[in-house]
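Position chains V and Z against the provided structure of chain G, taking the given hints into account.
What follows is each chain in one-letter form.
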Amino acid sequence: MSDTDATFALALRIAEALIFASDRPVKPDRLAAAIPAGVDPLAVLTALQAQCTGRPVELVEVGGGFAFRTALDLAPAITRVVEVPRRLPRVAMETLAIIAYHQPVTRPEIEEIRGATLSQSTLDALLEMGLVTSRGKKEVPGRPTLWGTTPRFLEQFGLKSLNELPRREELVSADAAALPLEQKPAPEGELPLH
Amino acid sequence: MSDTDATFALALRIAEALIFASDRPVKPDRLAAAIPAGVDPLAVLTALQAQCTGRPVELVEVGGGFAFRTALDLAPAITRVVEVPRRLPRVAMETLAIIAYHQPVTRPEIEEIRGATLSQSTLDALLEMGLVTSRGKKEVPGRPTLWGTTPRFLEQFGLKSLNELPRREELVSADAAALPLEQKPAPEGELPLH
Amino acid sequence: MSDSAPAITALTIRLDGFEGPLDLLLDLARSQKVDIRQISIIKLVDQYVAVLEGARKIRLELAAEWLVMAAWLTWLKSRLLLPEELEPEEDPELLAERLTERLAELDRMRNAAFWLSGQLQLGRDTFARGEPENLRQEDRSGLVADLPALLRAYAAARRRAIAAKPYRPKTRRLFSVAEALERLRALLGATPGWTVLQSYLPESLATPLERKAALASGLIAALEEAKGGRVELRQDALFGPLMIRLAETPA
Chain G
1 MSDTDATFAL ALRIAEALIF ASDRPVKPDR LAAAIPAGVD PLAVLTALQA QCTGRPVELV
61 EVGGGFAFRT ALDLAPAITR VVEVPRRLPR VAMETLAIIA YHQPVTRPEI EEIRGATLSQ
121 STLDALLEMG LVTSRGKKEV PGRPTLWGTT PRFLEQFGLK SLNELPRREE LVSADAAALP
181 LEQKPAPEGE LPLH
Chain V
1 MSDTDATFAL ALRIAEALIF ASDRPVKPDR LAAAIPAGVD PLAVLTALQA QCTGRPVELV
61 EVGGGFAFRT ALDLAPAITR VVEVPRRLPR VAMETLAIIA YHQPVTRPEI EEIRGATLSQ
121 STLDALLEMG LVTSRGKKEV PGRPTLWGTT PRFLEQFGLK SLNELPRREE LVSADAAALP
181 LEQKPAPEGE LPLH
Chain Z
1 MSDSAPAITA LTIRLDGFEG PLDLLLDLAR SQKVDIRQIS IIKLVDQYVA VLEGARKIRL
61 ELAAEWLVMA AWLTWLKSRL LLPEELEPEE DPELLAERLT ERLAELDRMR NAAFWLSGQL
121 QLGRDTFARG EPENLRQEDR SGLVADLPAL LRAYAAARRR AIAAKPYRPK TRRLFSVAEA
181 LERLRALLGA TPGWTVLQSY LPESLATPLE RKAALASGLI AALEEAKGGR VELRQDALFG
241 PLMIRLAETP A
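First to last, the sequence lines map onto chains G, V and Z. Taking this note's numbering, the leading residue of the first sequence gets 1, the next gets one more, and so forth. Taking this note's numbering, the leading residue of the second sequence gets 1, the next gets one more, and so forth. Taking this note's numbering, the leading residue of the third sequence gets 1, the next gets one more, and so forth.
By construction, these hints were calculated from the structure, which means they are not laboratory data. One or more of the hints may lead you astray.
Unchecked claim - Listed below are several chain V residues computed to face chain Z (Cβ distance under 8 Å; list not exhaustive):
id, residue
1, Leu-96
2, Arg-114
3, Glu-128
4, Gln-156
5, Ser-173
We put the beta carbon where it would ideally sit given N, CA and C, even for glycine.
This is chain G alone, in the form it adopts within the complex (with noise of 0.2 Å):
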């Protein structure tokens, strides 16, 4: 090996060792500063690049510079999914309990029954997660869309049917109708769950 080739091959080392230690994509100029002077930066790069080629991983130019990436086919086994499972908002909630209850239920009944106004953001989470469907359209004026609980929305609740769900009855007592406050509203969990 000639003298040049050396202090090529030198460069080489350097190149790569520089772009896989540096916090941010390496400019021609910055590893210029760091291989034998007088070695050309964009002939080593291309050195490298051509080195790399096929490899599990690879030299990319990205934002003007140069840095090491893992080969894109590689990306399913090294990439671990984390299953961070969402929480349903308070509203969500509660209207997907109304339609389990009252199904099929049109959107101005949910609001009644909730007494406060239905955001079709909330109607179209639940939608979007499979938990509810449409049940064809209420025979007055308008006919509004009737919503019903899905298969899926069983399996979400380890339910075996719908008749598994407590009855209304004992989940809001009946004169609770007539109070105009719960006297002793139930603890959260300790409502009765037969």
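Only chains V and Z this time, still in chain G's reference frame:
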């Protein structure tokens, strides 16, 4: 190439990409989850280590896993371009050594061993570098925080585990032989590291 | 006693290198090869004073710590010289031993620090990947929701809706046209001649509003009957009383 060869080659590719992309040493069991079932992760790591020997970026075993590190001879060229963190002052190094050997240890205990007060800035520097961390409170009046080293500490000093620290007996100065120090077992309450 | 101690030569100490009295003592013990049990107090004090002279200019609290150490050493030395008549825990032999052990431990830890400094260090001798890639992919398709939460949500929504139902006052019962008509038909035949319309209205109406409404209903009922020709109406003056009677000749 036989099927087995192809599978092993794929495992090798995956291992290289996974370790390369990871910001922490990769443990064999993490690798096992990424490579095809039935391939021995340790065999893959051994093969990868052999493949990388002499390359600008080598595979080393550190901090309970495997990681890529630039070859030693390239450090001068890299440090010309990559910012090098400042060295730890002597006080910080001694404090770190005490924490490593006596962990979990409280600040008053560190001060007792060093025979000097420990400034908050020293502890802050070690914390900021991620070399030490709190390990709960000592159940004595005042409940002082207990300090210990981190996995990052092992990485910083290229240790596979705390067991790679020299044994306490090996730490006695050569000229300390002149001191009438009784060579007796470590007093109770000190952490046996070995 | 002091004769047996090694001669202490001129003190050359890097002042800024010392962190405390133990540090200094360890260095003294090392460089002078002294046994603290054999040390000459006079010479030790001389050395300390020399160090203190310099240290005072640097850090007062260090000088103070060293002074404490010097005093403690002197006390220890005097105890070693005195006959044994002390409490067990104040046993000077024990104290001296403990100090020796502390010095030994500090020595070990300083050597450990030295050893660590000599290790190949990340970011100095070797470098890790500077720009790690994110290997975590979040799957947000899952849902945290169980049956008790669903039931709680239903109960909460219902309870809140019930509690929030707006207050509705008792519906005001107003005298309707139909009622006025019925009343008019029932009562009119019983009174011959012209009668004030008001006299056919119920007397139990409490509020002026109810009375006005009843009058309006009564008027409409009367007009309706008049249209059918069953009654006659007349009003003699503007805003005067409305008079009503059965029609003379039924249509």
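Evaluation of the provided hints:
1. Evaluation of the Leu-96 (chain V) hint against chain Z yields a held restraint, the C-beta minimum of about 7 Å falling below 8 Å.
2. Annotation: interface hint on Arg-114 (chain V) holds; nearest CB of chain Z at approximately 6 Å, less than 8 Å.
3. Look at Glu-128 (chain V): its Cβ only gets to about 14 Å from chain Z, farther than 8 Å, so that hint breaks.
4. The interface hint given for Gln-156 (chain V) holds, since its Cβ lies 5 Å from the closest Cβ of chain Z, which is under the 8 Å cut-off.
5. The restraint placing Ser-173 (chain V) at the interface with chain Z holds, with a minimum CB-CB distance near 6 Å, inside the 8 Å limit.
Violated hint: 3 only; the structure is consistent with all others.
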